[in-house]
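2 protein chains.
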Amino acid sequence: MAVPPHLAVDAMGGDEGVSNMLAGCALAIDANPELTLVLVGDQEMIAAELPKHPKLQARSEIVHAAGMIGGEGNLKDILRQAKTSSMGVAIEMVKSGRAQAAVSGGNTRALMPVGKSILKTIPGIDRPALAALLPTLGDNDVVMLDLGANTECQARNLVEFAVMGAAYARAGLGLGRPRVGLLNIGTEAEKGTDVIRDAALQLSSAKNLPIDFKGFVEGSHIQRGDFDVIVCDGFSGNIALKTIEGTARFVTDLLKRAFTSSIRSKFGYAISRPATELLKHHLDPNNHNGGVFLGLNGIVVKSHGSATEKGIAHAIGVASRLATNDMIHRISSDLVAISAKAKP
Amino acid sequence: MAVPPHLAVDAMGGDEGVSNMLAGCALAIDANPELTLVLVGDQEMIAAELPKHPKLQARSEIVHAAGMIGGEGNLKDILRQAKTSSMGVAIEMVKSGRAQAAVSGGNTRALMPVGKSILKTIPGIDRPALAALLPTLGDNDVVMLDLGANTECQARNLVEFAVMGAAYARAGLGLGRPRVGLLNIGTEAEKGTDVIRDAALQLSSAKNLPIDFKGFVEGSHIQRGDFDVIVCDGFSGNIALKTIEGTARFVTDLLKRAFTSSIRSKFGYAISRPATELLKHHLDPNNHNGGVFLGLNGIVVKSHGSATEKGIAHAIGVASRLATNDMIHRISSDLVAISAKAKP
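Same order as they appear, the protein sequences are chains G and A. Position in the first sequence counted from 1, then plus 1, gives you my numbering. Position in the second sequence counted from 1, then plus 1, gives you my numbering.
Pulled out of the complex, with its shape left as it was, chain G reads as follows:
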């Protein structure tokens, strides 16, 4: 039986400040009337904004945290600041069981180590990874990871990412046996690095996992809808993710230029407005906001720093879905299955 989601939100994270974060929280409450939130941050600032959102006010409590983490400085400084920061206190609530998940728009450079130091990794996981859902032409989004948490990876990391990503697809997308691909520069068995080929071998032989391993996938096929999970090291993943963003913007900018190139096409554009709005909706990163740090002993969702209130609401929705569907437990049990298989 699903427990109604109760989440901690870092109300201070995000480039746009408290008022934007709370507006996002209010939208999330509108979308899911079962949801309750803990708003973590400066008591006074939150209390000043909250009356603007009566429904949110009725379904939330404030937990005071005076500090903020900027993401500058060395790791030691960041971890020291974490204890009293809105980010750290929100994640601490997941650890103590007072919230099922934490959402923050704070800096990734801080969020990853703070999450890891408070929640620790799931037993059997060497390194957590950042995963996100990307739109495809298929029936569902694709889970892609790692998107930048691990610049360099070993084969065992990629295998763990596949297990975690598949658990995400099962919990977040409701898929029974997700189709998993390894991002590579070709689909032939001999392509790529030793690390990738080794990971492919390990995944091909892990028959008892709830994973349909489909081999290699090229950058050209990320959004085709042929895969539910795409696994890569954090360097390639970050390059691919940002290249997708950049190219989508490039194409829409070209389109805008083309549409304003003549009076005739301006007229056509005006008529086609509903169609181009549909495209805009599909490509708006706010409709895909919410990266998840997989591999931690608890759910931490990263909202983009520049997310709008719609984007923040989307990230809260992601956290809520994963909490309700018990993702952490799924990852743990899949890891037990793979390590049982790995032992001779």
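Bear in mind the hints are in silico, worked out from the structure with no lab data behind them. On a predicted model such as this, the values are computed, not experimentally measured, just so you know. Don't be surprised by glycine CBs; every beta carbon is placed ideally from N, CA and C. Please note: incorrect hints may appear among the correct ones.
Selected chain G positions facing chain A (Cβ under 8 Å, derived; list incomplete) [what the hints assert, rightly or not]:
| id | residue |
| --- | --- |
| 1 | LEU184 |
| 2 | SER262 |
| 3 | GLY269 |
| 4 | PRO275 |
Chain A: place on chain G using the hints.
Leaving out everything else, chain A in the frame of chain G:
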């Protein structure tokens, strides 16, 4: 004074066969009346097609080569087949000075080692790289390399790629001091791998090169027009290139869906046709066909296997421009400058 371009074309390479290759050659001749071509391949097959293109017939000669290289088998097999193949014979003509550049639509897996074994690398170059021009929102295309020839790279390889890519931008785009960026997962100095940071340090200190080194560039900024040359290892480059292709197709497919979603938007689409045709033209890979193997002692241009005749003509145009502007000599002299600088 520029010598009129005289190029060798592998008439057998390419998925669509001789008739498509010759149609492309004919288009290239139309576009550049100074151009003369050597058509390398099966004498009989070429002679049967050539009368369809009287202008091409008047400005070309046939050189017979019976064999073809498929790209399968090990490196030894490929190099053995090269001697009598249309690809190998075309490249051999560059070596002997009978042509200024070779163009082939054959398999990259064969083209790179065959080019390297026949032409050898420019002194000072450790590894050749595959470069291509990508469209941007700026005034000119951007040269991106490596796109897949070198899966793993050291810092010195990336520095060489920067030098070669800049020479390409100077010869191919007519830029005096190209703006060079290193592809990375962030623009801050501490981002990325040791290899990338080391390459950045070396490029920052090479002040005597005709390069304006601008630091790191993210995947989101490849097509913004802020860089003339983007340097990366062959793995990331291939991922980025294919992700660009895939995303452009994804967005245009979404657009098509959006435009056919209602009668009103179908009507708008019909009116905006000139605008969407303009977009199609910009995104058509045939208008950007022609990868260049930089670092060889001679110009070898790779046409995409599935290029249309327009694409083939574009690749021949690239080869012709680089030959006329003496790219190989520019790379060599820039390398002399950088190695003089590197010595204490």
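Hint status (Cβ of LEU184 of chain G to nearest Cβ of chain A, threshold 8 Å)
Cβ of LEU184 of chain G sits 7 Å from chain A, so the hint holds.
Would you settle whether the hint for GLY269 of chain G is holds or violated, based on the nearest Cβ-Cβ distance to chain A being less than 8 Å?
3 Å, holds
Satisfaction of the PRO275 of chain G interface hint, Cβ to chain A closer than 8 Å:
6 Å, holds
Would the hint on SER262 of chain G be counted as holding, given a Cβ-Cβ threshold of 8 Å to chain A?
At 6 Å from the nearest chain A Cβ, SER262 of chain G passes the 8 Å test, so the hint holds.
Of the numbered hints listed earlier, not one is contradicted by the structure.
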